[in-house]
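Novice: Okay, here's what each chain looks like letter by letter:
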Amino acid sequence: MTNLIGLALIVLLSVGGLHVRARALPGITTGTLTAYGMALTVIPAALAAVAVYALDIPGFVIIALAAVGGAAALLSLPSTAALRKRIDRIAIVLLAACAGLAIIITLGIVLSLLFEALRFFSFVAPWDFFFGTVWDPRFSSSGDMTEVGQFGLLPLLWGTLYISVVALLLAVPIGLLCALYLAEYATYWQRATLKPALEVLAGIPTVVYGFFALVVVGPAISNAGDALLGIQASASNALAAGLVLGVMLIPFVSSLSDDMLVSVPRSMRDGALALGATRGEALSQVILPAAAPGIAAGILLAASRAVGETMIVVMAAGIVASIDLNPFASMTTITVKIVHQLTGDQVFNSPQSLVAFALGLTLFVMTLAMNVIALQVVRKHRRHRE
Amino acid sequence: MNSPSPPPAPAQTAITAAQTARIAQKRHARNTWLRRCGLAGILLSISLIVILFGAVLTIGLSAFWQTRILLELDLSIERIDPDQTGDAQIISKANYRAIVQEAIVEKAQQVTGALSRQDRRAIRALVSKIAPYLVRDQVLDNRALIGTRAALWLPANNDVDAWVKGKIRRDIEESRRPINALQARVIDDLMATGRLDRFFNTDFFTRAASSYPEVSGLASAMVGSLMMVLIVVALALPLGVAAAIYLEEFARPSRWVSLIEININNLAAVPSIVFGVLGLAVFINWFHLPRSTPIVGGLVLTLMTLPTIIIAARAALQAVPHSIRQAAFGLGASKVQTVFHHVLPVAIPGIITGLIIGITQAVGETAPLIMIGMAAFIPEASFDPLSPATALPVQVYMLAGLPGRGYTELAGATIILLLVLVLSLNSLAAFLRHRFQKRL
Amino acid sequence: MNAARSNNPKDGIVKMSTHDVSVYYGDKLALKNVSLLVKNSEVLSLIGPSGCGKSTFLRCLNRMNDTILSCRVTGVVTLDGEDVYQPSMDIVNLRRRVGMVFQRPNPFPKSIYDNVAYGPRIHGMSRNRDELDGIVEQSLQSAGLWDEVSDRLTAPATDLSGGQQQRLCIARAIAPNPEVILMDEPCSALDPIATAHVENLIEKLRETYAIVIVTHNMQQAARVSQQTAFFHLGEMVECRKTSNLFTTPEDKRTQGYITGRYG
Chain A
1 MTNLIGLALI VLLSVGGLHV RARALPGITT GTLTAYGMAL TVIPAALAAV
51 AVYALDIPGF VIIALAAVGG AAALLSLPST AALRKRIDRI AIVLLAACAG
101 LAIIITLGIV LSLLFEALRF FSFVAPWDFF FGTVWDPRFS SSGDMTEVGQ
151 FGLLPLLWGT LYISVVALLL AVPIGLLCAL YLAEYATYWQ RATLKPALEV
201 LAGIPTVVYG FFALVVVGPA ISNAGDALLG IQASASNALA AGLVLGVMLI
251 PFVSSLSDDM LVSVPRSMRD GALALGATRG EALSQVILPA AAPGIAAGIL
301 LAASRAVGET MIVVMAAGIV ASIDLNPFAS MTTITVKIVH QLTGDQVFNS
351 PQSLVAFALG LTLFVMTLAM NVIALQVVRK HRRHRE
Chain B
1 MNSPSPPPAP AQTAITAAQT ARIAQKRHAR NTWLRRCGLA GILLSISLIV
51 ILFGAVLTIG LSAFWQTRIL LELDLSIERI DPDQTGDAQI ISKANYRAIV
101 QEAIVEKAQQ VTGALSRQDR RAIRALVSKI APYLVRDQVL DNRALIGTRA
151 ALWLPANNDV DAWVKGKIRR DIEESRRPIN ALQARVIDDL MATGRLDRFF
201 NTDFFTRAAS SYPEVSGLAS AMVGSLMMVL IVVALALPLG VAAAIYLEEF
251 ARPSRWVSLI EININNLAAV PSIVFGVLGL AVFINWFHLP RSTPIVGGLV
301 LTLMTLPTII IAARAALQAV PHSIRQAAFG LGASKVQTVF HHVLPVAIPG
351 IITGLIIGIT QAVGETAPLI MIGMAAFIPE ASFDPLSPAT ALPVQVYMLA
401 GLPGRGYTEL AGATIILLLV LVLSLNSLAA FLRHRFQKRL
Chain C
1 MNAARSNNPK DGIVKMSTHD VSVYYGDKLA LKNVSLLVKN SEVLSLIGPS
51 GCGKSTFLRC LNRMNDTILS CRVTGVVTLD GEDVYQPSMD IVNLRRRVGM
101 VFQRPNPFPK SIYDNVAYGP RIHGMSRNRD ELDGIVEQSL QSAGLWDEVS
151 DRLTAPATDL SGGQQQRLCI ARAIAPNPEV ILMDEPCSAL DPIATAHVEN
201 LIEKLRETYA IVIVTHNMQQ AARVSQQTAF FHLGEMVECR KTSNLFTTPE
251 DKRTQGYITG RYG
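Chains as they are written, first to last, in the numbering used here: chain A, 1 to 386; chain B, 1 to 440; chain C, 1 to 263.
Hints were generated in silico from the structure; no laboratory data involved.
Here a beta-carbon is modelled for each residue, glycine too, at the ideal position from N, C-alpha and C.
One or more hints might be untrue.
Keeping only pairs whose Cα atoms sit at most 27 Å apart, straight-line, the calculated DSS-like set for lysine-lysine is [claimed, not checked]:
1) B:Lys167 x B:Lys129
2) B:Lys335 x C:Lys252
3) C:Lys110 x A:Lys85
4) C:Lys241 x C:Lys204
5) B:Lys165 x B:Lys129
6) C:Lys252 x C:Lys241
7) C:Lys241 x C:Lys32
8) C:Lys241 x C:Lys39
9) A:Lys85 x B:Lys335
10) B:Lys93 x B:Lys129
11) C:Lys241 x C:Lys28
12) C:Lys28 x A:Lys380
Pulled from the structure, derived: some chain A residues nowhere near chain B, Cβ distances all over 12 Å [said to hold, decoys possible]:
13) Val208
14) Ser222
15) Gly246
16) Asp270
17) Pro293
18) Ser322
Same shape as in the complex, but just chain A (with noise of 0.2 Å):
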């Protein structure tokens, strides 16, 4: 069915949009012309027809070509005043429209995660979620909603922020000094390619990060606490998601100090250096003070990735909520629990599933906080600066 939607829409945009051009210029037929239109309608039209009924691609996403080759059609006649006034702000609408949809995505997500932590609500009282310090969701048998455990959110809170500050701990040291060398330190050779070295690691996908916390650093801290400390230490463990996550981190934070390192004027560090000073000097008493709003802010947006960051967690960080000092014993997360309330057996509209929300909204409202402080600082320097 969509696939003929689309087929239709095609013709008709195909068919429109010569029909106009045809119209509006009695024959403006230059060559380069003339393709640009059969490429913007009838070889889309001829594909999409191959496409339905040879390879058999969904039917949507000739739809979507369609209103695009469509859109590019209708832009790329030459035309009257009149119709082409018509065509620009027909043109200027979509586009606003297009840009308005990142408010709508934003409430989007506000409100799903609002109505659905509401209904979470009405199951729990929000002072017993937040200040509650079991976590103890028990299990839904289906259709029995008599069976509410306790959701206290601060043993999830704590794990959180646990490994996120041990996480931090190992990031923004090392990330640092790698910025403070890539910035001033390395010649145009070492920049060039130990850049793109940090970069390949902030590419790497995070389950990636997962698998190496869950198969090599987990086992591996397990055994050099029974080894080391004679600590029973559980294979997953705080400090081997922590640490995992904190390699993820390194080029993030590395990359956001090197450039707010960068970016302090040239003039501020010639005047240092045209004193007399090292250029160690020029970097930790000038440029280093001058930067450090920008990296302030860099750190507080690593911090809030650390705080969203899910399957590291998941494979590695362990499902047991408790609230411990060990670094060896098993901690968890808020991320780690939304993914296990959601992808249970469980009844959709039971608390055990709802509650999965209600730490979403917390998630969602404690990293936005982080980024807007963040971006705020940022922009404030850079104006400053100007």
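Given chain A, put chains B and C in place with the hints provided.
Specialist: Frame of chain A; chains B and C shown alone:
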């Protein structure tokens, strides 16, 4: 200094040259120390990359090879199609399991002599449980095999595979290892006579996920990932570019526009799992789109990559020299004409770079897809966006969680493939960015 | 007026006029009450120290200032007696009739042919390919570039030298058949030989178009223009026949400028 003041007094104590030299030396030492610390940080990061890649390679690389056993199968007419009907129904119902089991036991008995019932069972286990189905498919494809004694390479059991690859230590106690002495003897003999060998694991690429790790592949995951990337490109590219064009070229500064801008910047930093929760609540629970399907996954990934693409497209549009716009305006081109005829074509390489970065992000994303139920066992690759599917990173997550050596190995191999894909996309983006910068 | 050129009946007729034109950038007054006349078959040059508002004034004439958000124009600008800033004025058609050449050559990153053909195409000025070819050839010939590029019209315009690029931009500006051409320091990015080329070209184009040129170079103003206006600190100080302005300036500031006391 405004008021006239006496010239500054000369330094009270003269500093000797030796003192200055000492201070300078100390300062240089501090400088060198800082420099070395920086270098150490870099080297540490690089070695972390090496360890990570090394670990993944050692775990996963062997999964690209598959151990197979050459068996002579009795495909006589009586056993396959006694009435010579040629009917596919009848042919597919023949007892291939018995045929395969007889063949391996016969082979083993040539080495060991007559075997007890229990030993025969151990020997049968050497061949993959899926082998009979493979034989059936081959016979159905090639009817000429019927009535012959055909020699076919069939996949060995996963434990045999691990044994041959040296992943099981031979010195541990027999009762604690999955391959017993008898099996080991038969395997060694088969290897010595060239009847057991390692082949490039084509099943890994052509077959879907299976409960037998020796023949489990990622065809369905690759198809699922491809479908979702197509959806992301089809939706996020036009929407993102349109939004970028509006914000960069048409929007006049207003509260509305700055609200949109703040929104986009913040959306880019929203944890991906929140998009998964959104997808679950909106697309599945409100719009009733089918769970676990590429269409829902594609929509969620579109929402996720949209900010990335908008930001990249805006940067690309910003980089277009202002003089080109001026020239077009000066000729009487309207704003829309200027943008679509001149500015956009120049910005296309930059936009494509942004798109590739977005695709890389989408290809590697796992958490939101798990939320919409894509962590599912999909035995059949399907190009239908409305039927359940899975994706490469989700497959990694699933395989890593399954017990058994074979699955960890497969997860490693899937990661290798995923990394090759992501890194080549990244390099392509870097290359394009480089070219683009050079041209402007 | 040069008597030898007066055979065209439209010569010397006022093509554009400005009356009390002021321009603000935000709250800042950039141009104060400028009144000037642009006549057919005449080159009007605008001179003055940098930042005096001459480019701003030029950009009022084809409403290029509309592209700057904070910019506000008051006063009256007319083209053939019609107010350029009236709401019913089609800005696109205005810019077709009043063409512009910029300080730096800014060809589109397309072929030479497509650069020149772009204006006629969007304004729908040709019925078929042959006509368009004709317009392109004629424009390139008027710009004195045809002989150099006729064999490589499909080559990228960015491959041309700086001087050639600027003449291409002039060809591009005259292709949509404008009535007035505005030139914003068209030679400032060119070497002396290319400058001489462009100056000869201006002299030739004057027969067909009214031309307004902003220049930093007083010798150039003296060479190419009939009327010269001197701008200083956002004010139009005086506007007279070029020869008179340079020999007997009325205002002290003009005198100071042309004798090189500031600039």
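Novice: For each hint, tell me whether it holds in the structure or not.
Specialist: Here is how each hint holds up against the structure:
The straight-line distance between the Cα atoms of B:Lys167 and B:Lys129 is roughly 21 Å, inside the 27 Å bound, and the hint therefore holds. With a C-alpha separation of about 44 Å, the suggested pair B:Lys335 and C:Lys252 falls outside the 27 Å cut-off, and the hint is violated. In summary, the hint linking C:Lys110 to A:Lys85 is supported, as the alpha carbons are separated by about 25 Å, within the 27 Å threshold. A C-alpha spacing of about 19 Å is found between C:Lys241 and C:Lys204, which places the hinted pair at or below 27 Å, so the restraint holds.
For the suggested pair B:Lys165 and B:Lys129, the alpha carbons sit about 20 Å apart, so the restraint of at most 27 Å is met. Distance hint between C:Lys252 and C:Lys241 is fulfilled; the C-alpha atoms sit about 17 Å from each other, no more than 27 Å. Between the alpha carbons of C:Lys241 and C:Lys32 the distance comes to roughly 22 Å, so the proposed pair stays at or under 27 Å and holds. Using a Cα cut-off of 27 Å, the hinted pair C:Lys241 and C:Lys39 holds, with the two alpha carbons roughly 12 Å apart.
Of the pairs offered as hints, the one joining A:Lys85 and B:Lys335 holds, with about 10 Å between alpha carbons and a cut-off of 27 Å not exceeded. Taking the CA atoms of B:Lys93 and B:Lys129, the gap is about 16 Å. The hint holds against a cut of 27 Å. Proposed proximity of C:Lys241 and C:Lys28 is contradicted: the alpha carbons are some 31 Å apart, above 27 Å. A hinted pair counts as satisfied when its Cα atoms are at most 27 Å apart, and C:Lys28 with A:Lys380 qualifies at roughly 26 Å.
Not every C-beta of chain B lies more than 12 Å from that of A:Val208, the closest at about 5 Å, which undercuts listing it as non-interface. No beta-carbon of chain B comes within 12 Å of the beta-carbon of A:Ser222; the shortest separation is about 16 Å. Not every CB of chain B is more than 12 Å from the CB of A:Gly246 (nearest about 10 Å), against its label as outside the interface. Against chain B, the non-interface label of A:Asp270 holds: every CB pair exceeds 12 Å, the least being about 17 Å.
At roughly 17 Å, the least C-beta separation between A:Pro293 and chain B is larger than 12 Å, which holds for a residue marked as non-interface. Annotated as non-interface, A:Ser322 keeps its C-beta farther than 12 Å from every C-beta of chain B; the closest such distance is 22 Å.
Against the hints set out earlier in the document, violations occur for numbers 2, 11, 13 and 15.
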